[in-house]
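Visitor: Sequence:
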Amino acid sequence: MTNINLSSDDLIQNETTSLVQGIEYLDEDESINGISKFRQKKYEKKLKINLLIFISIAVVFIFVGILLTTKVFSHPQDTSNQILQEPVGVFYIVNDFHINLQYEIEFNQKQIIKFRNTSLYYIKLIRLLWKNGVKKIANEITENDFIILLGDMPAHFIYDENLNEETITNVSAEFRKYMPTIPMFPLIGNGECFPDYELNFTKNNSRLQLLASIYSQYDFLQNGTSQMETFQTGGYYRISLDELFGKRNYGGNQLAQVNSDLIILNSIYYSQQHEPTTWPNGTVPTDPVDQLAWLETQLIDIKNSGKTAMIFLHIPPGGNAYSDEANWFEIYEQPYLDLVYKYSDVITAQFSGHFHTDDFRAQINGTNYYSSLISPAVTPDHFTNPAFRKITYNISTGEILDYYQYFFDLHQMNAQTLNNNFTINWIEGYTFTQAYQKPNLSPQSLYQAIQEIIQNPIDFAFWSIRHTVFYVADRSAYDCSLVFVENSNFFNCVANAYDDEIVSLDLIRSKRKEL
1 MTNINLSSDD
11 LIQNETTSLV
21 QGIEYLDEDE
31 SINGISKFRQ
41 KKYEKKLKIN
51 LLIFISIAVV
61 FIFVGILLTT
71 KVFSHPQDTS
81 NQILQEPVGV
91 FYIVNDFHIN
101 LQYEIEFNQK
111 QIIKFRNTSL
121 YYIKLIRLLW
131 KNGVKKIANE
141 ITENDFIILL
151 GDMPAHFIYD
161 ENLNEETITN
171 VSAEFRKYMP
181 TIPMFPLIGN
191 GECFPDYELN
201 FTKNNSRLQL
211 LASIYSQYDF
221 LQNGTSQMET
231 FQTGGYYRIS
241 LDELFGKRNY
251 GGNQLAQVNS
261 DLIILNSIYY
271 SQQHEPTTWP
281 NGTVPTDPVD
291 QLAWLETQLI
301 DIKNSGKTAM
311 IFLHIPPGGN
321 AYSDEANWFE
331 IYEQPYLDLV
341 YKYSDVITAQ
351 FSGHFHTDDF
361 RAQINGTNYY
371 SSLISPAVTP
381 DHFTNPAFRK
391 ITYNISTGEI
401 LDYYQYFFDL
411 HQMNAQTLNN
421 NFTINWIEGY
431 TFTQAYQKPN
441 LSPQSLYQAI
451 QEIIQNPIDF
461 AFWSIRHTVF
471 YVADRSAYDC
481 SLVFVENSNF
491 FNCVANAYDD
501 EIVSLDLIRS
511 KRKEL
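In case it helps, the working numbering puts the sequence shown at residues 1 to 515.
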């Protein structure tokens, strides 16, 4: 028996010994009839294929390793540094304070509990909450930032017009006190009307004049300006940020200019709860105070100027799941949506409040789209934790990059109160891009996030807890049930809990006899 000698050109010696062990050894007689050569070529071919497969796998592993080290496969949020290389602007949104100065004067804590039957601290601490929130923003904000006051400074059902006016004045003054040089842009919510939701269709009416006078402390609303003219006409105006800020340093090595305008709208006229005392000519106008016509004119001008627009309004169109109601009259909703779709290449985002919850909307209409970010409230009266929001945007394009959701934990506050160690601590709850695994807040990103929420029960569950700003009603009852197994201990724990909803707690206690 002799070994077949394979040439070094065909085989890799030494290193590949294990790969060629399967080659058979042939008798010299077999090599005479050509079988040896046939088998030799067959196994040489198989060996080459094995070597090629081995080398290919090695190359793939090396390539994947290179990709991973360069973060090509990283989470979209990990690429934020690439986005942030461009100049980034910041603004804050604060809305739905629902403050009534009278409550703090007239009611003690026990009376408050009986009066509201919602959050124990709803009245007593709401003023402390928003004042502390103002200080929190003041400590973080820079001269390049601005603030949107998205409406509803006064509480509902204030039947004294002077008290309503005083509330708006005091809230505005508090912001100016801590941030005297920061641009602030208020808009009209239903709480700024008197009575609630009531605002005449007539232009330059007395209520608009009153609000214009109060808001004149925000430097932009001065006599003789286009903003003052349109605000007095119908409660709407436009701010050109490039004119306001000029060229500034936004953290880069060169000056940058904001290429986006703000459009502040008055959505009260479109609300189904709007109750005007005066109807022009006894009919419902198709375009109250000519706001929609004005809006299209502004969008055309912004588009021709090569800029983009952000739209702000207190009450958004569409439905409200909290009350299971539609927000706008259809006679106004469809024309507005038509404008948004028509100029969706100009509008980077819409911002609103009113719902008191953390929410967003996105809808695709062919090549056009609608998107809206809905900010949660400072007040906890819709069973949410108090909150405000910080937005980041691209200076050059106006694209909304992310938002940071700040909130105050009512349950933690109650626990601290029991220990006589009460402090107000605003927490950064989450950022949109991290929570929803999206690179930004473009309409496409919002739309994808919505599809994931409605199709995946886990995504829906996470969305729902953010929807209430991490608030869980009667959380103490859950805590007690987790800790105590015995009925007596459980109910004793619940009875001594200082929770947020006494109505629900009373209901739990009433169930005691049924167990």
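Mixed in with the good hints, there may be bad ones.
In silico DSSO-like pairs for lysine-lysine, Cα to Cα no more than 27 Å straight-line [unchecked claim]:
1) Lys247 / Lys390
2) Lys203 / Lys135
3) Lys342 / Lys307
4) Lys342 / Lys303
5) Lys390 / Lys177
6) Lys438 / Lys307
7) Lys390 / Lys438
8) Lys342 / Lys438
9) Lys135 / Lys390
10) Lys390 / Lys131
11) Lys203 / Lys131
12) Lys247 / Lys303
13) Lys136 / Lys303
14) Lys390 / Lys307
15) Lys307 / Lys247
16) Lys136 / Lys203
No wet-lab data here; the hints were simulated from the structure.
Visitor: Look at each hint and say if it fits the structure.
Guide: Going down the list of hints, with the structure as the test:
Annotation: proposed proximity of Lys247 to Lys390 holds, straight-line Cα distance about 22 Å (limit 27 Å). Proximity of Lys203 to Lys135 is assessed by CA-CA distance (about 37 Å); at most 27 Å being required, the pair is judged violated. Taking the CA atoms of Lys342 and Lys307, the gap is about 16 Å. The hint holds against a cut of 27 Å. Pair hint Lys342 plus Lys303 holds up; C-alpha atoms about 12 Å apart against a cutoff of 27 Å.
Taken as a hint, the Lys390 and Lys177 pair is honoured in the structure, with Cα atoms around 20 Å apart against an allowance of 27 Å. Of the supplied pair hints, the one linking Lys438 and Lys307 holds, its CA atoms being roughly 25 Å apart against a limit of 27 Å. Pair hint Lys390 plus Lys438 holds up; C-alpha atoms about 17 Å apart against a cutoff of 27 Å. Note on Lys342 and Lys438: the hinted pairing holds, with a Cα-Cα distance of about 25 Å set against a maximum of 27 Å.
Between Lys135 and Lys390, the direct Cα distance comes to roughly 14 Å. Compliance with the 27 Å bound is thereby established for this hinted pair. With a C-alpha separation of about 17 Å, the suggested pairing of Lys390 with Lys131 holds against the 27 Å cut-off. At most 27 Å may separate the alpha-carbon atoms for a hinted pair to count; Lys203 and Lys131 exceed this at roughly 34 Å. Using a Cα cut-off of 27 Å, the hinted pair Lys247 and Lys303 holds, with the two alpha carbons roughly 21 Å apart.
This hinted pair does not check out: Lys136 and Lys303 have alpha carbons roughly 36 Å apart, beyond 27 Å. Straight-line distance between C-alpha atoms of Lys390 and Lys307 comes to about 22 Å, which keeps the hinted pair within the 27 Å bound. With a C-alpha separation of about 15 Å, the suggested pair Lys307 and Lys247 falls inside the 27 Å cut-off, and the hint holds. Taken as a hint, the Lys136 and Lys203 pair is broken in the structure, with Cα atoms around 38 Å apart against an allowance of 27 Å.
Checked against the numbered hints given earlier, the structure breaks hints 2, 11, 13 and 16 and satisfies all the rest.
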